[in-house]
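J.: Residue strings, one per chain:
Protein chains: 2
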Amino acid sequence: MHPDLPHSQLKIRRVRLDTGRENVVVISRQSKALRAEIFRGFSRVELRLNGKVLLATLLITDDDTLAAQDEIGLSEPAFRRFAEPVGTLVAVTPATPPESLEAVRAKIRGRTLSQAEIGAIINDLAHYRYSDMEIAAFLIGSASFITSDELLALTGAMAQAGTQLVWPDPVVVDKHCIGGIPGNRTSMVVVPIVAAHGLPIPKTSSRAITSPAGTADTMEVLARVNVGVEEMKAIVSSCNGCLIWGGHVNLSPADDVLISVERPLSLDTREQMVASIMSKKIAAGSTHLLIDIPVGPTAKVTGAVEAMRLRKLFEFVGDRFGRTVEVITTDGRQPIGNGIGPVLEANDVMAVLGNDKDAPRDLREKSLRLAAHLLEYDPKLRGGAGYARARELLDSGAALKQMQKIIDAQGPSTCSTELGSLSFDIKAAHDGTVSAIDCLRLNRLARTAGAPLDKGAGIRLFKKIGDHVEQGEPLYRVYAFDQPEHDLAASAAAAGNGYAVDGHDALPSKTAS
Amino acid sequence: MHPDLPHSQLKIRRVRLDTGRENVVVISRQSKALRAEIFRGFSRVELRLNGKVLLATLLITDDDTLAAQDEIGLSEPAFRRFAEPVGTLVAVTPATPPESLEAVRAKIRGRTLSQAEIGAIINDLAHYRYSDMEIAAFLIGSASFITSDELLALTGAMAQAGTQLVWPDPVVVDKHCIGGIPGNRTSMVVVPIVAAHGLPIPKTSSRAITSPAGTADTMEVLARVNVGVEEMKAIVSSCNGCLIWGGHVNLSPADDVLISVERPLSLDTREQMVASIMSKKIAAGSTHLLIDIPVGPTAKVTGAVEAMRLRKLFEFVGDRFGRTVEVITTDGRQPIGNGIGPVLEANDVMAVLGNDKDAPRDLREKSLRLAAHLLEYDPKLRGGAGYARARELLDSGAALKQMQKIIDAQGPSTCSTELGSLSFDIKAAHDGTVSAIDCLRLNRLARTAGAPLDKGAGIRLFKKIGDHVEQGEPLYRVYAFDQPEHDLAASAAAAGNGYAVDGHDALPSKTAS
Chain D
4 MHPDLPHSQL KIRRVRLDTG RENVVVISRQ SKALRAEIFR GFSRVELRLN
54 GKVLLATLLI TDDDTLAAQD EIGLSEPAFR RFAEPVGTLV AVTPATPPES
104 LEAVRAKIRG RTLSQAEIGA IINDLAHYRY SDMEIAAFLI GSASFITSDE
154 LLALTGAMAQ AGTQLVWPDP VVVDKHCIGG IPGNRTSMVV VPIVAAHGLP
204 IPKTSSRAIT SPAGTADTME VLARVNVGVE EMKAIVSSCN GCLIWGGHVN
254 LSPADDVLIS VERPLSLDTR EQMVASIMSK KIAAGSTHLL IDIPVGPTAK
304 VTGAVEAMRL RKLFEFVGDR FGRTVEVITT DGRQPIGNGI GPVLEANDVM
354 AVLGNDKDAP RDLREKSLRL AAHLLEYDPK LRGGAGYARA RELLDSGAAL
404 KQMQKIIDAQ GPSTCSTELG SLSFDIKAAH DGTVSAIDCL RLNRLARTAG
454 APLDKGAGIR LFKKIGDHVE QGEPLYRVYA FDQPEHDLAA SAAAAGNGYA
504 VDGHDALPSK TAS
Chain F
4 MHPDLPHSQL KIRRVRLDTG RENVVVISRQ SKALRAEIFR GFSRVELRLN
54 GKVLLATLLI TDDDTLAAQD EIGLSEPAFR RFAEPVGTLV AVTPATPPES
104 LEAVRAKIRG RTLSQAEIGA IINDLAHYRY SDMEIAAFLI GSASFITSDE
154 LLALTGAMAQ AGTQLVWPDP VVVDKHCIGG IPGNRTSMVV VPIVAAHGLP
204 IPKTSSRAIT SPAGTADTME VLARVNVGVE EMKAIVSSCN GCLIWGGHVN
254 LSPADDVLIS VERPLSLDTR EQMVASIMSK KIAAGSTHLL IDIPVGPTAK
304 VTGAVEAMRL RKLFEFVGDR FGRTVEVITT DGRQPIGNGI GPVLEANDVM
354 AVLGNDKDAP RDLREKSLRL AAHLLEYDPK LRGGAGYARA RELLDSGAAL
404 KQMQKIIDAQ GPSTCSTELG SLSFDIKAAH DGTVSAIDCL RLNRLARTAG
454 APLDKGAGIR LFKKIGDHVE QGEPLYRVYA FDQPEHDLAA SAAAAGNGYA
504 VDGHDALPSK TAS
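Residue numbers (this note's numbering), protein chains in the order written: chain D, 4 to 516; chain F, 4 to 516.
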């Protein structure tokens, strides 16, 4: 399509500009190459060298230090992905748009897409051939309506786009929570219990995106979590389980691309959520999967009908891919555990595993319940014996021992476990009983205080729903490291502390986010 | 929402990076401000100073020359729009997303939007508060379905978002072609005829975006077209008409924003087209509007049914806004006139106005027909007398004289009128009759040769549909200035010259684009 013009050869320069996910390149307004594209203002271009092709969005510069007349500046992700040294001559032409964009436009017009079309879209997404705008076009085009077949095709294509793990065991279990509840670090209790029993549970987790901590952030307080595929296999082989960051093993990279656009647009459809979660779990090679859907007024799912529709979608996709999927709804009215933020949550987890008398009972009970479900997948275990077995492994210290083994296998953490040196307490305005806790508000407050960037920032809860409080008694304590974060969190908490006591206070509202 | 942190004050730096329409800012990865946003990778931020607010997309840099630790680098559009000197301290916080985005999400979920919601969206668009992704979300959310009321609200809001011209005359006429046909510079013949008659016709035109020339590009060969509002009024007052670039008078700026995203996504819906054209015409203050819809196998509209649906939409919107709208379909099977490219088209126009014996008859006839329709809007003119009056004004030289007056009023052109010094001819492969011409292919060929950047690049046609040709006789000549463009155009023409002769050649296909 585009025979090379002699002057479309440009020298690679590196531009230290982090453009997130999108490939962005810069050429000089004086450049002899791509005159029409410079004139038009916006365009996509194509870099080619030895069969390697990179599609990128073109920006124009008048600054020679970004790109001189004979140069093309590659921003960080483009430079990393094209992987050629500075100064290399590269052919630059107007981009031939990925063919799969035709299917995206058909979807926008309302047509149902074939498996092959969806496969092509996902393949192009996973290879960073779409601009952010084009990703948005696909997401929004499929946000209003996708068929069951499209959902299956999407999930399958996403699962195949990256690393696909294969395990030698007939039963490989996994658990996943759809998120939204502060604390709630059940995986870090469940994995050692299940692994101590002997079932393989190769757990990958995410880092916090909009919450004050993801499981990977919290585990990082105790051990290294940036673990690659081969190392992961070795750890699971020796310990039956792991607790690592999923981003390092490249499961479902197309999902990461989609999320990078869903998030800024606050798009959140059931189908995308199911395709996202199931594609990662299928790629991770688990055969039996437990999905936890917390339900509560400030949780992601606020009612039983919504939870059931989501459950059926998970079951449908699981069945079609030959995975055993069990979906349970749990109490999502308030945080699980007493800590919010990586260090505080890690403390909760170790207290539960260590059978400390002050360990949060809700985290212990929920973890035992989830572990019980997973243990029942062991054909050798007598039906109904899962809970007793889980409790036995926890109470005996076997789970704690297994956790130490996993921590040793993953390697030492490099994070400080210190709590923020600045703190303030939020106190009850009057006597009464705690009647509601706003999960969204506490999440936001913990982030404002510095979590998860500051591992030791966050919130320690003293009271939960149903607890009696007296006027002036602390409801929770906020930890921060720097005065500005401390002050910002204090003023945010003063504007609304997220607790309703006895009906004297208004119920926290979902719109408070 | 975001009380200022002391360290969220950053010094403005100018980053000479042209990011097109979108506001983009850069901060250092070492910056103490916006730590959470740096960590998340993608976010929107807000710059505030003395009540002025700018929303922008945040990029991160490791290069101190783009932004040091205490600086924020503003890319070109952001720097221009914020309009504060380098070094100014500005408060930078995470952005509060525009409230109207909630309506965009509702639209994506399938809800119909109110007039107020659409008004808020358009207002935010026109003030550059949306990211490119957010604009795409709105466009695609409304691409699948918008109601008549939504279309009216959209058109009205867009018309009100920028300059709104008001004329003292009871009848102000205008014409608009939906485009797609090479050559076809009827406005430059129609405006002088109508103006010579005495009807006001304040014509604004676009520059080429994806075509080899817009009316503004072609007029620029003859006169200055970057004319502001006040000057435009003076010109229309003295000459009854003008032929200027619409981009300089800021009619419907929201439309320009939408087009900047529609174009790279190749989104093209009837409703958006109607809202786009009608909003500009309503803002331009015309009372009587003639819309030209060329129909042909390689035109934008390929059949009568499609043309009729579009016509009804134009009529509907025109009626509701109290404008007289007349829609005519014209022959869109081939280029109008013999030239493609600014200089070649300007030559055609001046030949028609000058009544040269070699002037292209099709351009003359189509222009007379359109002018006739417009002249009939003059209440003083006898019904049915429009065509004769138009011909009289053209044949007598009155139209040419009026054109000279308009050119003098707008001021001299600074462009060269020379044709490209390199050229090649495309010749008939055998004897026969020209049976089809591919408009898309010729448009692309003229662009490849350098138009509209090189005003004198383009194509001169020797044969049109129905003409007899002999083997080896030239069909057209391609002009370019530089060898690379010449060679590229030659190889493109060799791969398919866009002409079908006698049925010996395959009919050009629409997919050839």
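Among the hints, erroneous ones may be present.
Selected chain F positions facing chain D (Cβ under 8 Å, derived; list incomplete) [unchecked claim]:
1. R38
2. L62
3. S147
4. S151
5. K430
6. A432
No farther apart than 25 Å at their CA atoms in a straight line, the calculated lysine to aspartate or glutamate pairs in the DMTMM-like style are these [said to hold, decoys possible]:
7. D:K14 / F:D67
8. F:K35 / D:D65
9. F:K35 / D:E421
10. D:K14 / F:E421
11. D:K35 / F:D485
12. D:K360 / D:E473
13. D:K35 / F:E473
14. D:K315 / D:D334
15. D:K14 / F:D428
16. F:K467 / F:D428
17. F:K35 / D:D21
18. F:K35 / D:E79
19. D:K35 / F:D21
20. D:K14 / F:D485
21. D:K14 / F:E473
22. D:K360 / D:D381
23. F:K14 / D:D65
24. D:K35 / F:D67
25. F:K14 / D:E234
26. D:K404 / D:E153
27. F:K14 / D:D73
28. F:K430 / F:E473
29. F:K14 / D:D67
30. F:K35 / D:D485
31. F:K14 / D:D381
32. F:K14 / D:E233
33. D:K14 / F:D66
34. D:K14 / F:D490
35. F:K14 / D:D21
36. D:K35 / F:D65
To spell it out: a stretch of chain F is covered by chain D in this simulated footprint if at least three of its residues, at any positions, have a beta carbon under 8 Å from a beta carbon of chain D; those stretches are [as the list claims (entries may be wrong)]:
37. 11-24
38. 183-189
39. 260-274
40. 319-327
For the record, the hints were derived by calculation from the structure and aren't laboratory data. Where a beta carbon is used, it is the ideal one built from N, C-alpha and C, also for glycine.
J.: If a hint holds in the structure, say so; if it doesn't, say that too.
T.: So, going through the hints one by one against the coordinates:
1. Of the supplied interface hints, the one on R38 of chain F holds, with its beta-carbon coming within about 6 Å of a beta-carbon of chain D, less than 8 Å.
2. Given the 8 Å rule on beta carbons, the hint for L62 of chain F holds: about 5 Å separates it from the nearest Cβ of chain D.
3. For the restraint placing S147 of chain F at the interface with chain D, the shortest Cβ-Cβ distance is roughly 6 Å, inside the 8 Å limit, so the hint holds.
4. For the restraint placing S151 of chain F at the interface with chain D, the shortest Cβ-Cβ distance is roughly 19 Å, beyond the 8 Å limit, so the hint is violated.
5. For the restraint placing K430 of chain F at the interface with chain D, the shortest Cβ-Cβ distance is roughly 22 Å, beyond the 8 Å limit, so the hint is violated.
6. Proximity of A432 of chain F to chain D is violated relative to the hint, the smallest CB-CB distance being about 22 Å (cut-off 8 Å).
7. The straight-line distance between the Cα atoms of K14 of chain D and D67 of chain F is roughly 23 Å, inside the 25 Å bound, and the hint therefore holds.
8. Taking the CA atoms of K35 of chain F and D65 of chain D, the gap is near 29 Å; set against the 25 Å cutoff, the hint is violated.
9. For the hint pairing K35 of chain F with E421 of chain D, the CA-to-CA distance comes to about 21 Å; that is within 25 Å, so the pair holds.
10. In summary, the hint linking K14 of chain D to E421 of chain F is not supported, as the alpha carbons are separated by about 34 Å, beyond the 25 Å threshold.
11. Distance restraint check for K35 of chain D and D485 of chain F: the Cα-Cα separation of roughly 11 Å lies within the 25 Å cut-off, and the hinted pair is therefore satisfied.
12. Our distance criterion of 25 Å between C-alpha atoms is met by K360 of chain D and E473 of chain D, whose separation comes to about 24 Å.
13. For the proposed pair K35 of chain D and E473 of chain F, the alpha carbon gap of about 40 Å is over 25 Å, so the pair is violated.
14. Between the alpha carbons of K315 of chain D and D334 of chain D the distance comes to roughly 19 Å, so the proposed pair stays at or under 25 Å and holds.
15. Between K14 of chain D and D428 of chain F the alpha-carbon distance is near 35 Å, which puts this suggested pair outside the 25 Å criterion.
16. Annotation: proposed proximity of K467 of chain F to D428 of chain F holds, straight-line Cα distance about 15 Å (limit 25 Å).
17. Proximity of K35 of chain F to D21 of chain D is assessed by CA-CA distance (about 17 Å); at most 25 Å being required, the pair is judged to hold.
18. For the proposed pair K35 of chain F and E79 of chain D, the alpha carbon gap of about 21 Å is at most 25 Å, so the pair holds.
19. A C-alpha spacing of about 17 Å is found between K35 of chain D and D21 of chain F, which places the hinted pair at or below 25 Å, so the restraint holds.
20. For the hint pairing K14 of chain D with D485 of chain F, the CA-to-CA distance comes to about 22 Å; that is within 25 Å, so the pair holds.
21. Our distance criterion of 25 Å between C-alpha atoms is broken by K14 of chain D and E473 of chain F, whose separation comes to about 48 Å.
22. For the hint linking K360 of chain D to D381 of chain D, the alpha-carbon distance of about 30 Å lies beyond 25 Å, and the restraint is violated.
23. Pair hint K14 of chain F plus D65 of chain D holds up; C-alpha atoms about 21 Å apart against a cutoff of 25 Å.
24. Among the hinted pairs, K35 of chain D with D67 of chain F is inconsistent with the structure: their alpha-carbon atoms are about 29 Å apart, more than 25 Å.
25. As the CA atoms of K14 of chain F and E234 of chain D are separated by approximately 46 Å, the hinted pair breaks the 25 Å bound.
26. Distance hint between K404 of chain D and E153 of chain D is unfulfilled; the C-alpha atoms sit about 45 Å from each other, more than 25 Å.
27. At roughly 32 Å between alpha-carbon atoms, K14 of chain F and D73 of chain D are farther apart than 25 Å, so this suggested pair is violated.
28. Proposed proximity of K430 of chain F and E473 of chain F is supported: the alpha carbons are some 9 Å apart, at most 25 Å.
29. Between the alpha carbons of K14 of chain F and D67 of chain D the distance comes to roughly 23 Å, so the proposed pair stays at or under 25 Å and holds.
30. With a CA separation close to 11 Å, the supplied pair K35 of chain F and D485 of chain D stays within the 25 Å bound.
31. A threshold of 25 Å between alpha carbons decides the hint, and for K14 of chain F with D381 of chain D the separation of about 61 Å lies outside it, so the pair is violated.
32. In summary, the hint linking K14 of chain F to E233 of chain D is not supported, as the alpha carbons are separated by about 47 Å, beyond the 25 Å threshold.
33. Our distance criterion of 25 Å between C-alpha atoms is met by K14 of chain D and D66 of chain F, whose separation comes to about 20 Å.
34. About 23 Å separates the Cα atoms of K14 of chain D and D490 of chain F, which keeps this hinted pair within 25 Å; it holds.
35. A distance of roughly 20 Å separates the Cα atoms of K14 of chain F and D21 of chain D; the hinted pair therefore holds under the 25 Å criterion.
36. At roughly 29 Å between alpha-carbon atoms, K35 of chain D and D65 of chain F are farther apart than 25 Å, so this suggested pair is violated.
37. With a cut-off of 8 Å between beta carbons, the segment 11-24 of chain F has 7 residues touching chain D; three or more are needed, and the interface restraint holds.
38. Note: the segment 183-189 of chain F has 0 residues with beta-carbon separation from chain D under 8 Å; the three-residue rule is not met and the coverage is violated.
39. With 7 residues having a beta carbon nearer than 8 Å to a beta carbon of chain D, the segment 260-274 of chain F meets the requirement of three or more and the stated coverage holds.
40. Only when three residues or more bring their CB closer than 8 Å to a CB of chain D does the claim for the segment 319-327 of chain F stand; here the count is 0, and the claim is violated.
In summary, the structure is inconsistent with hints 4, 5, 6, 8, 10, 13, 15, 21, 22, 24, 25, 26, 27, 31, 32, 36, 38, 40 from the numbered list given earlier, while agreeing with the others.
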